[in-house]
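Number of protein chains: 4
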Amino acid sequence: MISAAVVGASGYAGCELLRLLATHPGVKVVGTYDIRNAGQPVSSVHPNLRGIVDLIITEPDYGKMAKAVDVVFTATPHGVAMKFVPRLLEGGAKVVDLSADYRFDDPKVFELYYIKHESPNLKAVYGLPELYRVEVSKARLVANPGCYPTAAILSLAPLLKDKLIDPERIIIDAKSGTSGVGAGLSEVTHHPTCGASMRAYAATTHRHAPEIAQELGKLAGRPVKLGFTPHLIPIVRGILSTAHVFLKKPMTKGALLGIYRDFYRNECFVRVLDDLPQVNFVVGSNYCDIGLEPDTKSNRLVVVSVIDNLIKGASGQAIQNMNLMLGLDEGKGLEASALRP
Amino acid sequence: MISAAVVGASGYAGCELLRLLATHPGVKVVGTYDIRNAGQPVSSVHPNLRGIVDLIITEPDYGKMAKAVDVVFTATPHGVAMKFVPRLLEGGAKVVDLSADYRFDDPKVFELYYIKHESPNLKAVYGLPELYRVEVSKARLVANPGCYPTAAILSLAPLLKDKLIDPERIIIDAKSGTSGVGAGLSEVTHHPTCGASMRAYAATTHRHAPEIAQELGKLAGRPVKLGFTPHLIPIVRGILSTAHVFLKKPMTKGALLGIYRDFYRNECFVRVLDDLPQVNFVVGSNYCDIGLEPDTKSNRLVVVSVIDNLIKGASGQAIQNMNLMLGLDEGKGLEASALRP
Amino acid sequence: MISAAVVGASGYAGCELLRLLATHPGVKVVGTYDIRNAGQPVSSVHPNLRGIVDLIITEPDYGKMAKAVDVVFTATPHGVAMKFVPRLLEGGAKVVDLSADYRFDDPKVFELYYIKHESPNLKAVYGLPELYRVEVSKARLVANPGCYPTAAILSLAPLLKDKLIDPERIIIDAKSGTSGVGAGLSEVTHHPTCGASMRAYAATTHRHAPEIAQELGKLAGRPVKLGFTPHLIPIVRGILSTAHVFLKKPMTKGALLGIYRDFYRNECFVRVLDDLPQVNFVVGSNYCDIGLEPDTKSNRLVVVSVIDNLIKGASGQAIQNMNLMLGLDEGKGLEASALRP
Amino acid sequence: MISAAVVGASGYAGCELLRLLATHPGVKVVGTYDIRNAGQPVSSVHPNLRGIVDLIITEPDYGKMAKAVDVVFTATPHGVAMKFVPRLLEGGAKVVDLSADYRFDDPKVFELYYIKHESPNLKAVYGLPELYRVEVSKARLVANPGCYPTAAILSLAPLLKDKLIDPERIIIDAKSGTSGVGAGLSEVTHHPTCGASMRAYAATTHRHAPEIAQELGKLAGRPVKLGFTPHLIPIVRGILSTAHVFLKKPMTKGALLGIYRDFYRNECFVRVLDDLPQVNFVVGSNYCDIGLEPDTKSNRLVVVSVIDNLIKGASGQAIQNMNLMLGLDEGKGLEASALRP
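Protein chains in written order, with our numbering: chain A, 1 to 341; chain B, 1 to 341; chain C, 1 to 341; chain D, 1 to 341.
One should not assume that every hint holds.
Pairs involving identical chains hold if they fit within one copy or between any two copies, as the list cannot separate such chains.
[Stated by the list, open to error] No farther apart than 30 Å at their CA atoms in a straight line, the calculated lysine-lysine pairs in the DSS-like style are these: (1) Lys108 x Lys249; (2) Lys116 x Lys297; (3) Lys253 x Lys225; (4) Lys297 x Lys108; (5) Lys253 x Lys297; (6) Lys225 x Lys161; (7) Lys332 x Lys28; (8) Lys253 x Lys108; (9) Lys163 x Lys248; (10) Lys163 x Lys225; (11) Lys297 x Lys123.
No wet-lab data here; the hints were simulated from the structure.
Every value quoted in this text rests on a predicted model; they were computed, and no experiment measured them.
Produce the entire structure from the sequences given, and follow the hints as far as they go.
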C-alpha cells in the first residue's frame, strides 16, 4: 500500500484528490495539510467527505512529510510549492505538483507570467500522460498541467504532430465552469451577478496561454502563434475548449477522425467522438472527449474538447500521473464515469 | 460473479444502474433492455458510458432473461413491471423493481393513485434497508422506494418510532432537481421556462404522498395525517426534503440529534449532521444526510434531509438492495462520495 | 416633478430603485448616496445603468438632503436608517425605509431580533398597500415590508381576514433566489458551492418570522402560531412562498378562489390564478401571483405566492408606496411585465 | 396612435413584442395571430402578460389584417412569412419580418441555407438601424436581423469600415442562452441534460454565418472570410459574441476604443465600455455593450459584444425599426435598462 500526503487540502483540487484517493485500492492518504483550517477535520471543510476522510488538517512539516510518505500532492496556489518541493524531493518523496510552478521549460517564461522562481533549476516532467507517459513513469517530480491546457493540448496534438494545420493561426476560445476560480470568495463567482451571466476574462493575457503555446510548439517542432481567450460560464464543473484552426490542405471529417483515433488508440482517458462532445459527457470522470467539424467551404477546422476541470484538468490527472510514477495501473482509482444527467 | 440485467436502460435510472454497476466488483451486467432505442448501443443513448458499457439495448424476452441472470432491475414506467415481474420470478431471477408497482401493502391504494394492478397478489419487500434490512436480504422481489419517500421517511423514522411527534400534523415540503422528471421531453423541463424559475406541483395530490404515509404509519403504529407538497427547482440532481413536525413535549437539539444518531448508528449511508445539510453534500453519492432545528419558541421541529434522487433515491438504493439480497457487502459499488464543489 | 434621493445606492435594492425610477415620468432622482463607493459614478457600480443614471455616489449629508428633495428612499442595512430618519423627517422630507428598522409595532420585538433601537418612538406605516393603502397615502414615514413577508402575508390575508383557517397552525415554507442575500460576498452565494445546490437556513429563527406573524395576527384579530422556514435556491431573482394551512371547514377551490378574487378585486399588482404560479410569471415585474390547492382528502390547503424579491419584495413596492404618499397613480413607473422566458 | 398586429404570437419573439409594446405610448396592438393556440387568450400562453394583454390569439386573415393595422410584425418560423408578406404590403401595411426570409440580398444564398424562396423578388431593408437608419425609415418592409448577426456585426463594423483588420481572418465564437432555441420542446433544451452542460453546435454550418458574412462584406467593401461557431450555454437569455480578428498594424486599446466611440457616438443602444462586457449588463434591455482587448504580443484583437437575444437580438430591435419606419422616436418603448442582479 502506497502512502500519500495532500498539501493544500482546503481547496477544491485538494478535496478532489481526497475524494478520488478514498476509493483508490492501492493508496492510503496519511496526511492532509494546509495553513488554512489547520486543526479542523477534513470533513468540516468538505462535508461531502464526512465519514469517508476522517483526517485532521495540519500545518505542514515538509521534512517529516517527505520521510513518512511515498508521494506528496501539492495543491497550493502558484508560487508556493516552489518553496518546499526541493525539500520534499531531498527527503525522498515523489511529488506531483498541481500548481504552475514547474510547468515551464524556461523559468523566464514562468517569471514573466507569475512571480520570481525560487527553485528555477529544478526540472519536472510535464504531466500529460498522453504525450509524456514514459517520462512521467520515470519522474520524481511531475508538473501537473493546467485545466485549460489539458483540454487545449489534447484537442490539437494529433494535428500539430502531423503538421496538418497552420501553426501561425491557432485560436482557442475556452469556456469554464466556476469551480475553476477556486474556493476563495470573489466578485466573479458571486451568484447574483454570475449565476445568469457569462463573461470573457483575461482575453489576451491569461497565464495558461504560454503553457499551451509551449506544448503546442513542441508538438509542432517550431513556435506556434496562439490566441487564447477564456470565458466564465455559470455551471460548476467542466471546460469546453473550442479550437479554430486552419488545415494546410482540405481533409474530410472521416480522415481527420481517423488520424485522431490512431493517435489516441491506446489511451484509456481520451475518447474521439463522431459528433461534437458536450461537457456533461465527462463531468465526474477523468475523460477528455474530442470531436471535430471541418468547414466544407473553407480550410477552417473546429475541434471541440471537454474535460472535468477538477478531474482530468487537475486532481484526476494528478492521480493518473502518480499511478505511472509508482508503477500502478494508469487508470486505477479513476474508473468513475461521468454523471448523467 | 453475479450476473444482472437492466430493463428500462434508456431512462435516467437505467443509466445510473449501468454507471454504478460498471465499477461494482461483484456484478456483471449482461443484458440491457428497452423498447425505446432497441438495437442501439448503450453509449449512443448515454454518451457518458462510451467505452465503459458496450452492450446493445435489446427488446426484452423475459423468459430467457430470467434464466440467464441472477437479478433483474426493472426501471420501467409505473404500470409496466407488473406485467412481467411474475414471469421473471417464476423463471428464477430475483427482481429489484424501481417503479411504484409493488410499493404498496394494499393494491387498492396503488390503484387509487396509479392504474389497475395486473399482479395484485404478488408481495414485495419495501426496499428501504434502514427499515427492512432483514426482510430485504431474504426477499426475491424488492420494491425500491420512490425518491421523495426515501428522503421523507428517513427524516422522520426516529421520531415516529419513538412516538415523539404528533402523527396528525406532519407537513413535508420537498424540493427536487429536474432529473426527477425523467428523460422524456416535457414543458416543465424546458430550459427557457424552467431554468430560472421554480414551481410547486401536485401540491396536494402527488403519488408519493400515500407511499410516504404508508411507511410513516407503520413506524408510528397508527395512521398518520400527512401533507406533502413537492417543488421543481432548476438544478439537475438532488432532493431536499423539509419536514415540519410538532414535538409532543419540548426537546433540545442535542437530545434529538442523540436519538437520530442512535437510530442510525449502524447505517453506512445515513449521516446525521450537527447543522442543516445542503444538497451538494450528497449529489453523486448514496448518502442521505439529515439535520434538524427545533423551534425554541414553540414545539415545532424542522428536519431537513437530502439525497441524490437518482442514487439513494433510485439506482444506488436498488444496488444496495441487490447487495443485501445476494449476500454481498451492503455498500459494495456505492463507495463514491459526493462531488464537491 | 418630484425630486428623490436614494441612500444605499450601492446595494441591489438601491440599484433597483434607480433602475425603476429612471423611467418613472413623475420623479427625478437628484442624489445617490452611500458610504461605499462614494465618489464613483452609479454606472461604475451598476453597469446596467451606464448611460441611464449618470449621478455620482456621494457621502450623505442628511440635513441638506432633507431640504433638497421631496422623498428619500433608505436602502441601508438594518440598524442604520434609524440613526438618521428622524433628521430627514424633521428636515421636511418624506421617507420610505426599505430596512427593517420601522416595521415593528413594538420596538421590543425589533430589539429581540435585530439590535437596540435608536428611535423607538418614531412610528411608521407598514407599507403593504394592499392592506394599508389609506394609511400609506397619509404617511410621512413608511416601513417597506420584507421580501418574504410580502409574499407570505399576501398569500394568507383573505383567509385570516375571514377567519377561514386555524390561526394556530400556519406553516410557511419559502424559497428565495440568491439576490436576497445582497451584494456583499458570502460563502452562501459562492457559485461553485451554491450554483447546483439548495439549502434551508435559519429554519426556525429567521427575522422575517416575527414580521409575518405581526401582520397575520392583525389580520386574524388575534395572535397566530407561525412556523417559517426559508430556503436558498440557485436562481438569481424570485421568491416562491408555500403556505400550508388548515381550513376550519371544507371548501372548494372555486369558493376559495372567489374569496381571493373578491379580496384583491381592486388591486393592480395582485393576480389570483386558476393554477399554481411559477416564479418566472413575475420576475421583472411588481406583481404578486397567487394560486391555491385544497386537499380533497383533508382540511389542508396549500397557497403558493410568487414575487420578484427585489421589486414587489423591495424597490418596486417602495415606489408603489411613494406613489401613494405623493398622490401619484399607484402603479406609475411599475408598468413592466415579467420577462418571459 | 399607431395600430399593430403580431403574427406568431405564441413564440418567444411574439411574447417579447407584446410585452414591450404593452408599455409603448404610441402603439396599440390590436391583433395577435398564430395557428398554434388559436382561440386562446394571450395570457394563457404567456402568463407574464396576464392582466396586461387581454387579446385572443386568432388564425390570421392577412387581407383584413393589412387593412386594419399600420404595421405587422411577423415572428414566424423561417419560410413562413414569405408566403404572406407580399399580401400584407399590397394591403397597405408596413411589415417588420423577424424571420430570415428577407435578410439576404441574394435569394440564392437564402435558398442554400434555408428553403426555396416564394417571393424572391421582394426586397427588404436589413434592419440594423446602426448601419441602415435612413433606409429603414423609408422602408415598407424591414428584415429584422438574426440574434447572432446583431451582436457580431455591431462588434466589428467600426473595424471593417475603416479597413483596420484582415478581412480574410475573422473568427466569431458566440455563446447563447437557451431562449434562442425557441418555445418548442427539444432535446437540446431538456433541463436535465442541458442545465449543467454546454455544447458547440452547427460549428461550421450555422445559418447565421452567411448573414453575418453578407453584412461584414458590405462594410469591408469586399468579401470576408468568416468562421462562425455558436455554443449553447445554460442561461435563459443573452448572447456573448467573441470576435478574434487581426489588426493590419498594431493599435492601442485607447485608439481602438476611440474609433468605436466615434463610430457609435450618436447611437442610443450601443455602449462602448472600457472593459469587457458581461451578458447581464444588457439582459432585459435593448442595449448592445461592446468591449475589446488587443494582444500586446501579436496583432490579434479580441472584441466582445453582448445583447439580450430576444430584445436587441429580436423584438426590441423590431420595435426600434418600427419606430423609425413610422417616424417615432427611435428608442420609444425601449427605455428599460437591464435587470441587475
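Verification of the hints:
1. Lys108 x Lys249: between (36 Å within a copy, 28 Å between copies)
2. Lys116 x Lys297: between (48 Å within a copy, 21 Å between copies)
3. Lys253 x Lys225: both (24 Å within a copy, 21 Å between copies)
4. Lys297 x Lys108: between (42 Å within a copy, 16 Å between copies)
5. Lys253 x Lys297: within (13 Å within a copy, 33 Å between copies)
6. Lys225 x Lys161: Both, since 16 Å and 27 Å are each at most 30 Å.
7. Lys332 x Lys28: both (13 Å within a copy, 19 Å between copies)
8. Lys253 x Lys108: between (40 Å within a copy, 27 Å between copies)
9. Lys163 x Lys248: both (8 Å within a copy, 27 Å between copies)
10. Lys163 x Lys225: both (14 Å within a copy, 23 Å between copies)
11. Lys297 x Lys123: Between copies only: 27 Å across chains, 45 Å inside a chain, cut-off 30 Å.
The structure fails none of the hints (numbered hints given earlier).
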